[in-house]
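Taken in sequence, the protein lines are chains A and B.
In this text, residue positions in the first sequence follow the working numbering: the first is 7, and each later residue adds one.
In this text, residue positions in the second sequence follow the working numbering: the first is -11, and each later residue adds one.
Check each hint, because a few of them may be wrong.
Dumping the calculated DSS-like pairs for lysine-lysine here, alpha-carbon to alpha-carbon at most 27 Å [stated by the list, open to error]:
#	chain 1	residue 1	chain 2	residue 2
1	B	K150	B	K162
2	B	K125	A	K268
3	A	K190	B	K253
4	A	K74	A	K34
5	A	K273	B	K125
For the record, the hints were derived by calculation from the structure and aren't laboratory data.
Model, not experiment: these values are computed from the prediction.
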Amino acid sequence: MKKLIALVLALMMLVPAFSVADDLPVIKIGVYEPASGDSGAGGKQETLGVQYANAKTPTVEIGGTTYKVELVMADNGSSTDKAPSAAQKLVSENVSVVLGSYGSGVSIAGSDYFKDANIPAIGLTCTNPQVTAGNSHYFRVCFLDPFQGTVLANYASKELGATTVYCLGELGNDYDQGLITYFKQAFEALGGMVIVDSFPTGTADFTSYLTNATGYNADVFFCPVSIAYSTQIIQQASAQGLEIAILGGDTLDSNVVADADKGTNVKVVITTFYQEGANAEFDEGFKAWLNENPDMMTNNGGNDVISAVSVMGYDGYYVALAALQAAGSTDGAAVMAALPSVEIDGVSGHIKFDETGDAVRTSAFVKTVNNETGEWQFVTEQTVD
Amino acid sequence: MWDTIFPYLLSGISVGGQYALIAIGYTMVYGILRLINFAHGDVFMVAGIIMVYIAASGLPLWLCIPLVLLITVAVGFLIERAAYRPLRSAPRMSVMISAIGVSYMLQNLVLYITGGLNKQYPTIPGISDTVAIGAAKTKVVTVITPFLVIILVVALVMLINKTKIGMAMRAVSKDFETSQLMGIKINNVISMTFIIGSFLAGVGSILFFTNYPTVIQTSGAMPGLKAFVAAVFGGIGSIPGAVIGAFIIGIMENIIKGLDVILFKAGVISAPLGLATFSDAFSFALLIIILVVKPTGLFGEKVTDKV
Chain A
7 MKKLIALVLA LMMLVPAFSV ADDLPVIKIG VYEPASGDSG AGGKQETLGV
57 QYANAKTPTV EIGGTTYKVE LVMADNGSST DKAPSAAQKL VSENVSVVLG
107 SYGSGVSIAG SDYFKDANIP AIGLTCTNPQ VTAGNSHYFR VCFLDPFQGT
157 VLANYASKEL GATTVYCLGE LGNDYDQGLI TYFKQAFEAL GGMVIVDSFP
207 TGTADFTSYL TNATGYNADV FFCPVSIAYS TQIIQQASAQ GLEIAILGGD
257 TLDSNVVADA DKGTNVKVVI TTFYQEGANA EFDEGFKAWL NENPDMMTNN
307 GGNDVISAVS VMGYDGYYVA LAALQAAGST DGAAVMAALP SVEIDGVSGH
357 IKFDETGDAV RTSAFVKTVN NETGEWQFVT EQTVD
Chain B
-11 MWDTIFPYLL SGISVGGQYA LIAIGYTMVY GILRLINFAH GDVFMVAGII
39 MVYIAASGLP LWLCIPLVLL ITVAVGFLIE RAAYRPLRSA PRMSVMISAI
89 GVSYMLQNLV LYITGGLNKQ YPTIPGISDT VAIGAAKTKV VTVITPFLVI
139 ILVVALVMLI NKTKIGMAMR AVSKDFETSQ LMGIKINNVI SMTFIIGSFL
189 AGVGSILFFT NYPTVIQTSG AMPGLKAFVA AVFGGIGSIP GAVIGAFIIG
239 IMENIIKGLD VILFKAGVIS APLGLATFSD AFSFALLIII LVVKPTGLFG
289 EKVTDKV
C-alpha cells in the first residue's frame, strides 16, 4: 500500500513536466521581492506592477526571435538572512535579468549573488545609495535617499514650519537609518534640530516613542518605516491624541497605511514616486486588471487603489524588456552591457541612467491622507534646487 | 517630573499586564512538565488572527470574544495532544524540539492563510476608546489591563489552592511519578494546564492587539520572548513571580525608552543620548544580573537534588 502511494505521488510530480507545452522559447525575468514579513504588503504591490506589465506585454522580440516572458518569483521574506537563498534561487533558474527589491537592505544582501552570476538587477524602489554604488550590475529606476531626505527636510521646514523633528527608525534597517541620516543632514543645514531614536525589530508598542516626541516638543514625527510598523504608529498616535504631523518616505505610500489613518485625526504626509491620476491610461488599465483578478486584488490590500510601488514595478519591467531588445541576446552579461544606454518614457516619467546606474530624477510627489475618506491626496510635486 | 514619567509608567503597566498573561502560560507548563513551551507565543498570535477572521465574518462582537477564547483553548489543547503527549516518555529535549516545531508550524500556517500581509485587529467598542488620565491620553484597555490581570491571577491562585484539580496540579508539579502512582490522572492535569494557559494567552491577545492593532505571523515572537524572560525573571514555575516579573519588565523597558526625555527635562543631560535604542538590551541585561545573583529567579523554589 505504501509503495502504491509513493508511486502515485511520484507520478503526480511528473504531471507538470508534461503540461508545459508552448511553442515559443522562454526568457526568464526574476522578481526578487518580499511576499512575507514586515514589507510583504509593499513587495506584493510592487510585484503587481510587474505582473500587470507582463500580462499586458507577455512576449518580447530579441534578435529576431519572439520570446515568451516568464516571471520567476523569489520571496526574500523582507529579511537579510532569507535574502541569499531567494537570490540563489533566481540564479539557479538562469534568469536573464532581476527586478527588485522592495527594501534596500534585502537588495544589498542579494546583490553579490547576481554579480557573481553576471545577472543584471534593476532596483525598483530601493532608494539607499549603497544598492548601486560601486556596482556595475545594479541599476535603479527610482530616486535616491539623499534626494528624498532633502525633499522631506525642505517640506518639513518650509511647508510644515517645523524646527524640531523626532525621527524613529527600525534598528539595523538600511532603508530607515539611511533616509533618517540624509534627512538629518538636510534638516540641520536648514537650521532645525533633529532627535533620532531606533526601535528593535518586532516592536509593537510605540506608545513610549510617541510620548518621547511630545516630550521633546517636536513639530514633526518622521518615521520612514515598513508598512506594518507605520500602521501601528498611526493608530497608537491616534489613541494618544498626537497633534503633530507624521512624515514618511516612499514605504508609507500604501492604501494599507491610508486605511489605518482613516477616521483618525493624525496627519500623514509622505514623499513618493507617483500619484494616481497622473497617467489616466495606466490607472484605468491597472484597475480593470485588478478587478478581473480577485487574487491580485487581495495582494493589493483588498481594493483597487494604485500604489506608487506598482507603477515602479510596471516601469521596471519595460526597462528590462528594452534592455533585452537592445542587447539582442538573453545572456545576462549582454543585457548588463546594454542597460546603461536604455531610455524609456515610463508612467512615472522619463527614465535614463546616470554613470552609477541610477535613474536621473529631479522631483518627488508629496501626498497626504484624507482622514475622512482614507484616500491619498496629491499635495505638491517637490523639486530640490 | 511626575507628568513626564507618568505616560511611560502607564504604557509599562499596560504592556506588563499583557506579558503577565502570557508568562503565566509559560510558567504553569514549566512547573508541571518541566517543558518550555516555545509555541506559547504563537498561540497568542493565533488568537489574534482568529479574532480578525471571526470579526470579519460579521458575527456580533459579544459572540466573537468567547468564541475566540474557546478556539484558542482548543488550539492549546490540541497542540498538547498532538505534539507533546506522544513524547511523554521521550527525553525532555525531544519535547522541546517538538515545541519549536509547533511554533514554526503555527507561524507558517498563518503566513499561508494571511499571505504575509498584516491584518487590522477589529475595534472593540468600549475598550478601544481613548481616555485622558491627567496629561496622558491612552486607550481604555490600558487602564483595564492591570485590574483584569489581578482578578484573573487571584482566580487562578484560588483554583490552584482550593480545588481538587488545583491540588492535583500542585502534586504533579512536586513529583510527577509519585502523583501518577497515587492515582492522579496526569494527562487530565496536563490538559487542564494547557487549557488555562491558552485561555490566558487568548485574553492577553485581546488586550494586546486592541492596544497595538496590527497582527502578522511574527506578532507572537517578541511578546512571547519577553513573557518568557518575565517568567524566568520571576522564578519559573511560580505564578506570582511571573506576574511581578512581567510588570517589572514592562515598566523597565518603557522607562528606558523614555529615559532620554526624562533626563533631558530634569536637566541632567543637555542632548539626547539615544538610550531608547537599548530598551531591549536593558531588559535582557537585567535578566542576566538577576540570574547571576539569584539563579532561581525572584520567587523561584530552591530545588534540592535527591539522591
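Now the hints, each set against the structure:
As the CA atoms of B:K150 and B:K162 are separated by approximately 17 Å, the hinted pair is consistent with the 27 Å bound. Our distance criterion of 27 Å between C-alpha atoms is met by B:K125 and A:K268, whose separation comes to about 20 Å. Proposed proximity of A:K190 and B:K253 is supported: the alpha carbons are some 23 Å apart, at most 27 Å. With a CA separation close to 8 Å, the supplied pair A:K74 and A:K34 stays within the 27 Å bound.
Between the alpha carbons of A:K273 and B:K125 the distance comes to roughly 18 Å, so the proposed pair stays at or under 27 Å and holds.
When held up to the earlier numbered hints, the structure conflicts with none and fits them all.
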